[in-house]
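Enquirer: Here the structure of chain A is known, so what remains is to put chain B in place on it, guided by the hints.
Chains as they are written, first to last, in UniProt numbering: chain A, 1 to 277; chain B, 1 to 277.
Calculated directly from the structure, the hints in this document are not laboratory data. Even glycine gets a Cβ: it sits at the ideal position worked out from N, Cα and C. Just to be clear, a hint being listed does not mean it is correct.
Stated by the list, open to error - Restraint-style ranges between C-beta atoms, simulated for each label pair:
hint	chain 1	residue 1	chain 2	residue 2	range
1	A	241	B	222	26 to 34 Å
2	A	257	B	158	53 to 61 Å
3	A	158	B	277	36 to 44 Å
2 protein chains.
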Amino acid sequence: MGRHTLEYPKSKTNTVRRKADRATYALSAIHSLINASHFLDVAFNPPDDSPFPTILPMIGHMGSFDRPSADLGDPLDLYLHGYVSSRMMNLARSSASSSQGGDDEEEKQGQGQQQQQGLPVCIAASHVDALILATSPFNHSYNYRSATLFGHATLVTDDAEKLYAMELITNGIVPGRWAASRQPPTPAEMQSTSILRVAVASGSAKFRDGGVRDDRHDLEDDEAQGRVWTGVLPVFTRIGEPIPTGYSKVETPADVKDFVREYNRENEEYVFAAAKK
Amino acid sequence: MGRHTLEYPKSKTNTVRRKADRATYALSAIHSLINASHFLDVAFNPPDDSPFPTILPMIGHMGSFDRPSADLGDPLDLYLHGYVSSRMMNLARSSASSSQGGDDEEEKQGQGQQQQQGLPVCIAASHVDALILATSPFNHSYNYRSATLFGHATLVTDDAEKLYAMELITNGIVPGRWAASRQPPTPAEMQSTSILRVAVASGSAKFRDGGVRDDRHDLEDDEAQGRVWTGVLPVFTRIGEPIPTGYSKVETPADVKDFVREYNRENEEYVFAAAKK
Chain A
1 MGRHTLEYPK SKTNTVRRKA DRATYALSAI HSLINASHFL DVAFNPPDDS
51 PFPTILPMIG HMGSFDRPSA DLGDPLDLYL HGYVSSRMMN LARSSASSSQ
101 GGDDEEEKQG QGQQQQQGLP VCIAASHVDA LILATSPFNH SYNYRSATLF
151 GHATLVTDDA EKLYAMELIT NGIVPGRWAA SRQPPTPAEM QSTSILRVAV
201 ASGSAKFRDG GVRDDRHDLE DDEAQGRVWT GVLPVFTRIG EPIPTGYSKV
251 ETPADVKDFV REYNRENEEY VFAAAKK
Chain B
1 MGRHTLEYPK SKTNTVRRKA DRATYALSAI HSLINASHFL DVAFNPPDDS
51 PFPTILPMIG HMGSFDRPSA DLGDPLDLYL HGYVSSRMMN LARSSASSSQ
101 GGDDEEEKQG QGQQQQQGLP VCIAASHVDA LILATSPFNH SYNYRSATLF
151 GHATLVTDDA EKLYAMELIT NGIVPGRWAA SRQPPTPAEM QSTSILRVAV
201 ASGSAKFRDG GVRDDRHDLE DDEAQGRVWT GVLPVFTRIG EPIPTGYSKV
251 ETPADVKDFV REYNRENEEY VFAAAKK
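In isolation and in its complexed conformation, chain A is listed as follows (with noise of 0.2 Å):
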């Protein structure tokens, strides 16, 4: 309250075209949907000859090693949980060492940013939040919130913003999860671990909620009326009774429970409170 709402500038790369007042580039809401998703989809271009882009499904989570007192709204980096020995990681290492004393880069994006160092990734995480079906098959929709990032992905070499980006992604799966596990980390366990910061360039969200839109022409019809229902089919991600291994000596503690019935109430509660809107 009382703060500006901080939005990424709008670019040829992240201005959403389609259904354009769908869209939001306000950090809080693109943040907070990359944090609810349990992957993200990067791409990247791979180096070798071949024409496609790929996707890794991967794991991260926003957060600021420089300021960890950071929320949601604010400038925020996207740190993702990964393995030294991947193509990606070894991208954004060879990318971090070439591009040094480079700028042609910056001059190509002609918007005043600082030399980007890094593998150039986009990022997106989508939930889909009901299917809607429609008189007309061509009116079938689904509500849905989806998120992209652009940015540039660098190797984090730094062992305490590795540790502090491992706590932050630990978090994200199950909040406290960090401390209520065994520590510290073995040396073999940061050796074996590699994180990328990803410089955020730009992003956009675009969501879709509320019920049925037909057209006026399907409303009028009786004969469609009387033959075909329409509704909405509400759609959430839900976390089941927790499985123990059985040789921890540990009861399943409180704040797993609740975390599993909050994360089930807030998703459940959440899609049919869009349904309605």
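Expert: Chain B in isolation, oriented as in the chain A frame:
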């Protein structure tokens, strides 16, 4: 039974490098995962001078217009639903015309493929099946199934094929929905809807099932096993109680209720069974 299981040939583009034992190249497995996804993430390189690939969430389904009786283990095309005005459709249209007669790309790929027109795309579908909470944060994982396809997208211009694809995609959302909704399409509906056909060049899928896999030193760590709860949180997509529009004269039909019940039963059973493997 008694049939060959067709697989996409391994190449630089589609070979899974990390944890290769979790990979499959079987057409049936990959095509099933694509069809089971409400959204597909489609990556392509936009025509501007942006360094970033772009991802659009789209709705799609595997099919064969030439051989509609083909099953999921057969070579199939991917049909994607889109809009005439979108950037991607324009690219697919212009790639189709500008690449006619040219075979540079074929030679570059050097894999004996036939001349490929169209926009190079990568398509990804991911399903999270469980959160795996291990003793060490570094052994945390997901159960998941993810599929990736690579191919060339072109606009479908033939009306019969467009109708075939619309029926395929509509029935992919709710089985039988095409015939159960208002028919036939109006000329305006046919005009305003575009379909992309992706000629699939290669693909792969990757999955994890089972429970927590802890390191021996963590299993033997009494302090950790006395303090850290470990287990599996199963994750599944659920469809809630249908919400009728109210203006249709039809009660929620038995086949919609059956679809919702079966969808929920199958999804929930799968993730619990996968966690116990």
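Enquirer: Looking only at beta-carbon atoms, does the pair residue 158 of chain A, residue 277 of chain B fall within the given range of 36 to 44 Å?
Expert: Hint holds: Cβ distance 39 Å, inside 36 to 44 Å.
Enquirer: For the hint 53 to 61 Å, verify it against the beta carbon of residue 257 of chain A and that of residue 158 of chain B.
Expert: 55 Å, holds
Enquirer: Take the C-beta atom of residue 241 of chain A and the C-beta atom of residue 222 of chain B, compute their distance, and say whether it sits inside 26 to 34 Å.
Expert: 28 Å, holds
Every hint, counting from the list given before, is met by this structure.
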